[in-house]
Every structure is written in structure tokens, then in C-alpha cells.
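Visitor: Take a look at the letters that make up each chain.
There are 2 protein chains.
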Amino acid sequence: MSILLVGGAGFIGSNLATILLGKGERVVVADNLSRGNLEILTNHFSSDLFDFRNVDISDCDQCAKLFDEYASSEPFSEAWHLAANSDIPTGTLNPDIDFKDTFCSTFQLLKCMRDYGVLKLNFASSSAIYGDLGDSKISENSGPLLPISNYGAMKLASEAICSAAGESFLEFVNIFRFPNVVGVPATHGVILDFFEKLKRTPNQLQVLGNGFQQKAYLHVTDLISAMLFVRENQDNFARINPLNIGPIDEGVQVRWIAERLVERIGRDISIEYGTENRGWVGDVPRFYYSVDKLTKLGWKPSLNSEQAIIKAIDEIAIQEEILSR
Amino acid sequence: MSILLVGGAGFIGSNLATILLGKGERVVVADNLSRGNLEILTNHFSSDLFDFRNVDISDCDQCAKLFDEYASSEPFSEAWHLAANSDIPTGTLNPDIDFKDTFCSTFQLLKCMRDYGVLKLNFASSSAIYGDLGDSKISENSGPLLPISNYGAMKLASEAICSAAGESFLEFVNIFRFPNVVGVPATHGVILDFFEKLKRTPNQLQVLGNGFQQKAYLHVTDLISAMLFVRENQDNFARINPLNIGPIDEGVQVRWIAERLVERIGRDISIEYGTENRGWVGDVPRFYYSVDKLTKLGWKPSLNSEQAIIKAIDEIAIQEEILSR
Chain G
73 MSILLVGGAG
83 FIGSNLATIL
93 LGKGERVVVA
103 DNLSRGNLEI
113 LTNHFSSDLF
123 DFRNVDISDC
133 DQCAKLFDEY
143 ASSEPFSEAW
153 HLAANSDIPT
163 GTLNPDIDFK
173 DTFCSTFQLL
183 KCMRDYGVLK
193 LNFASSSAIY
203 GDLGDSKISE
213 NSGPLLPISN
223 YGAMKLASEA
233 ICSAAGESFL
243 EFVNIFRFPN
253 VVGVPATHGV
263 ILDFFEKLKR
273 TPNQLQVLGN
283 GFQQKAYLHV
293 TDLISAMLFV
303 RENQDNFARI
313 NPLNIGPIDE
323 GVQVRWIAER
333 LVERIGRDIS
343 IEYGTENRGW
353 VGDVPRFYYS
363 VDKLTKLGWK
373 PSLNSEQAII
383 KAIDEIAIQE
393 EILSR
Chain S
73 MSILLVGGAG
83 FIGSNLATIL
93 LGKGERVVVA
103 DNLSRGNLEI
113 LTNHFSSDLF
123 DFRNVDISDC
133 DQCAKLFDEY
143 ASSEPFSEAW
153 HLAANSDIPT
163 GTLNPDIDFK
173 DTFCSTFQLL
183 KCMRDYGVLK
193 LNFASSSAIY
203 GDLGDSKISE
213 NSGPLLPISN
223 YGAMKLASEA
233 ICSAAGESFL
243 EFVNIFRFPN
253 VVGVPATHGV
263 ILDFFEKLKR
273 TPNQLQVLGN
283 GFQQKAYLHV
293 TDLISAMLFV
303 RENQDNFARI
313 NPLNIGPIDE
323 GVQVRWIAER
333 LVERIGRDIS
343 IEYGTENRGW
353 VGDVPRFYYS
363 VDKLTKLGWK
373 PSLNSEQAII
383 KAIDEIAIQE
393 EILSR
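Chains as they are written, first to last, in the numbering used here: chain G, 73 to 397; chain S, 73 to 397.
Treat the hints as calculated values from the structure; they're not laboratory data.
Do not rely on the hints blindly, as some may be mistaken.
For identical chains, the list gives no copy identity; a pair is met inside one copy or between any two copies.
[As the list claims (entries may be wrong)] Below are the EDC-like pairs computed for lysine to aspartate or glutamate, each with C-alpha atoms no more than 20 Å apart in a straight line:
#1 K183 to D159
#2 K383 to E393
#3 K137 to D168
#4 K271 to E331
#5 K172 to D133
#6 K271 to E335
#7 K368 to D321
#8 K172 to D131
#9 K95 to E146
All chains should be modelled from the sequences, with the hints used to inform the complete structure.
Guide: Structure (C-alpha cells):
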């Protein structure tokens, strides 16, 4: 049996692949490489436990062909679905991207899981499904769910069909609602954005919005530890299991991140802020996230938002230095 | 200017078309006639206010062509989207139907509304987005939203993208969460199901489930009065406006409906029940629906669940007698 990992050539997926392989699991990464990067999987190609397939899971035929290929030899014991368009502003400009990469990927995957009897699903959802619920502390039961970006909308849409599949045929489905996740290999996100801006204007950092947007950040290693904690304690969770994952603190402001990044670089850089309370259409200015459901069962993050950001700034600085050589 | 009414050849859409035309509005019905029926619009073909287009709105090109056709002459002032696959069990067997008719119709419609500057949307959602929340009274803010049918899932998916569109470009979007709606022309639903079963077995009525499933029913005339009440009082509602519509009572049981229908027919019929507490995968056994948000602003239904059922049984009995001649 092997684990199907859709989107395994992305930021979080590649970290998950490494950890699952380290546990001795067989892993088949399926990725269309639209945003994923094959190079970050290079270390695994020599492993007998690892397979890579360049497959667009949102394409009905390609998805079925993949399931068919493995059905007779080493059928999938479970699926992890981490593929999505992670570029929120681009998805607002062109809704077709989120439609295909975020929603249709879930839809076609579920159809094949049913057809081939793969009954365990771990789905990467997002805090973006909650939209802007103001200052209230957001639990898994909070509503109304009115996402304000196409990204959040297509994640909620995906949750909805995962839930219906849970009712009709899945053994279980974990709906992991990710917070902002930081670490390497960074492919997007606020820290990488700042580094890229500084390549263009080395002495000035222009921040989108007024910098008071406050969010919780989790390091990718903690995110994966939370998901694997659930996997190992599946019986303690509901069969259809929406679950917030995040740090326990209330997060940090974007201006704090900008200041730490400038400190790390150690160069004279002026930070310029906008006037809006959000960075872009679909950005949520404040965000309080309850992870009580998860922590009550014994999981704890090793780093809080500040520590996660500091660590990620350091990791991404090194990544960018290596890439620029 | 004219009103675009997608799904206007269906049960609720055709009733809405009649009432809007009666108010002197110009109405363009777009329907792919997959479940809609052109005959029920016959009375309107002679009206200068009425247009019909056989268009599959879930098809990108067909949808754009429709908007293009009207953009120069009489652009759409607002859109009503009532097209969906209303056959829940069929949607469970074949997810492609709900995907295309319920979700993609919303997705393509929103893209064209943005491209052609149509900024007011009334969307027919469903109580099915709530899934099975047990005995709690369900308000618009209730959660978690874990639909248990593909129908409910694709309605929630549609809500999600309507919400994101509300954030990025719509002037307003009403997300009307319909209860079970009864009346004529009946195309589906428990009453019509019973009549059709009795054609096959005239002296025996087999009820799906144990008959204790309890739901609220609204007559179609009350449903439309509620939606037009919102339209006339738009300023009193939020710009992105999810809204439960339903009667004020707690509904009736399926076995009560079966008994009233047998009484109306006035023939010796034995009613047989199943043992399950739900009629099919995706059926919700009990359902308490709060419509406080709507009634607080002054709307009231003219009929309760019992009265709506009695009236609809009578209407559908006459419809079936006429059709069988």
C-alpha cells in the first residue's frame, strides 16, 4: 500500500513527503508542477519508497489513469490533498485558476477515491474559509462562512464536497484548516514577498496595507506534527473532522515581521506602509483562531507565531542567498 | 433594462417569472431545459416583456453569448439564479450532475456578471448547506457547515463563490436559503413522489425511511413573497446577505403528509414505512429552522407547514389529473 500525496511538490507537501518517507511509508507524489517544483524532491528520487507522477489531478482522465496504475500493484491506502492555487490576488483576477487547481482537483480526486475504494482523506483547507468574522475567536463551529477571496471560496467549496463524500462513502475525512504557514522551501507568503521586493528596491520595503494586519503564523514543522498527531489519534476525532491548526497565541502584525526581517538583513532599509487596513482584496485584517479542539487532545506547537516568523526569516534568508549564487 | 432569470423554466423559477412579469418587469428566462419545462411558460410567450433563451449557463461560451446579446440593447439590471439539479439521490450517484448544473452554473454566471457589470445577484441556496445539525435551531450563523449530500455541497460551494464575488465586485448578493418548497408546477419532492408511486401500486404507498423525518414546508407563493420583500427592503439587509426562508413552525412529519395525501385521494391505500430514520443518503431526519432575521424585518408567511402541504396536495392532485387525461 502507498500514500497518495497530491501537491507534494509544493511548500507544505514536500515537507510532508520527507517526514512520511522518514517514517518508512511508501509515498506517491502527484503534482502538475504549475507551482510545485521538482527540484525540492530531488533527495527522494533514489528512495525505493518514493514515486513521482506529473499528473494534473483536476483532469478527470489523468486522475483516473493514476489511480488505475496503482490499483493493481500497490493501491493507495489514503490520500492527502495539498494541491491548490496559493496565490490569492491572482485568483481574484482570474477565478478560473482557483476553480481548476483548488476546487476541481478536490472534485476529481473524490470521484476517483470512490471509484477505486480509497476511503481515507486528509484535506488541506484554510482559515480563509471563515472570511472576515471580525474580532471573534474563531472555532470550527463558527459561522457564517462567507469567504472574501476566491481562494477561500474554493477551499470552502472543497470542504463541502469532502463533507458530502464523508457521508456517502469515506471512512474518514480530516479537514485541516491551515493558518498562515511559514518555513522553507518558501514559494509564496509575506516573508518571501519582502525578500523579493528588496531585490528590486534594496533600501526600501513597501508593505501592502497599513501593516497593522494581525495574523497567527505556524511553522511548517508544527503544522505537519499536528496533522500526523491527528492521523495517529484518528479514533478520538469525528469521522468528518474539520479542525483548526495554528499556534496558541494571537499572532503578530505585518509591521513586526517587516522590522524583524530588516534587522536580519542588517542593512539600512526604510519601511513604507500603505493606508488600507488590508493588503489586498481578500486579505483579512485581524484573525483570532481557536485551536482548543486540537490542543485539548494533547497536541502543542513547539513555536509560537513570533518564534515561527524569526525561524522562517532565517531559513528564507539562507534559501534566497543560495538561490542568488 | 431586464431581469435575467436563470432556471426560469423550473418549479420555483416559473412562478417567479409570472410574478415579476405581473409587476411590469422585463424578464429574460435562461434555462437549459434539462429539468425545466418550456410548456409551463407558454402563457408568457405573447408578452412583450418576456424573452426565453435555451442556454446552458454552466457553459462558459453560451453564458457569455447571452450576456453579449443583451449588453447593447437592454442590459441586465440584476440576475436571479434558480438553476440547479434538484434530484438529490441522482446527484449522490453521479456527482457530475450537481457539479455542472448547480455549481458551474453559478461560477460561469458570476464571471459574466463581472465582465458585463451586472452587480445585483439573488441566489437560490438551500437549507441543505447546513447538513445535519441535530436538534439545534438553525440560524444563518450556525455552524459547522457540513452538508451531507452533493446537492447541499454544491449549494454551499456556490454560496462561497457568491460571497467572494460580493467582496470583490457585486453591489449586493442575497443568498436565499430555501426550505422544502411545495406547490405547482411540481417537478419533484415528496408529494409528487407519492403520487407517482401510487400510479405504479394504486393501493399501497411505500414511504422511504420510517416516516418520522420532520421538516418545514413553505408554499411557493410565500417563498416568492419573501424574496420580493427582501428586494423591496434591500437597504435593511447586509450587502452579502445569507437568509433563511421558511415557515415559522417546526414542520410536519413525512407520515403526516402520507396520511393527508391518502385522505385527499379518498381510496383504500395502505401506507408502508421503512426502518431507517432518513429516506436516502443526504436526507436530514429533523430540521429546525430559524427565520427570525427575516420575520424581524416584517415578513410573515401566509401559510404554515401544514397548510402549505394541504394546499400543495390539492394542487398537485389536480396537476396529475390533468396530465393523465
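Visitor: With reference to the structure, classify each hint as holding or not holding.
Guide: Hints versus structure:
For the identical chains of this complex, K183 and D159 are inter-copy neighbours only, at 19 Å across copies versus 26 Å inside a copy, given an alpha-carbon limit of 20 Å. Taking CA atoms no more than 20 Å apart as the test, K383 paired with E393 passes inside one copy only; the shortest distance there is 16 Å, against 75 Å between copies. Taking CA atoms no more than 20 Å apart as the test, K137 paired with D168 passes between copies only; the shortest distance there is 18 Å, against 24 Å inside one copy. In this assembly of identical chains, K271 and E331 lie within 20 Å of each other by CA distance solely inside one copy; the values are 17 Å within and 76 Å between copies.
In this homomeric assembly, K172 and D133 come within 20 Å of each other (Cα to Cα) both inside a single copy, at 14 Å, and across copies, at 17 Å. Taking the shortest alpha-carbon separations for K271 and E335, only the intra-copy value of 16 Å comes in at or below 20 Å, while the best inter-copy value is 80 Å. When the C-alpha separation of K368 and D321 is checked against a cutoff of 20 Å, the pair qualifies only within one copy, where the shortest distance is 15 Å, while the shortest distance between copies is 39 Å. Taking the shortest Cα distances, K172 and D131 sit within 20 Å of each other both inside one copy (9 Å) and across copies (15 Å).
In the homo-oligomer, the alpha carbons of K95 and E146 lie at most 20 Å apart inside one protomer (18 Å), although the nearest pairing across protomers, at 64 Å, exceeds that limit.
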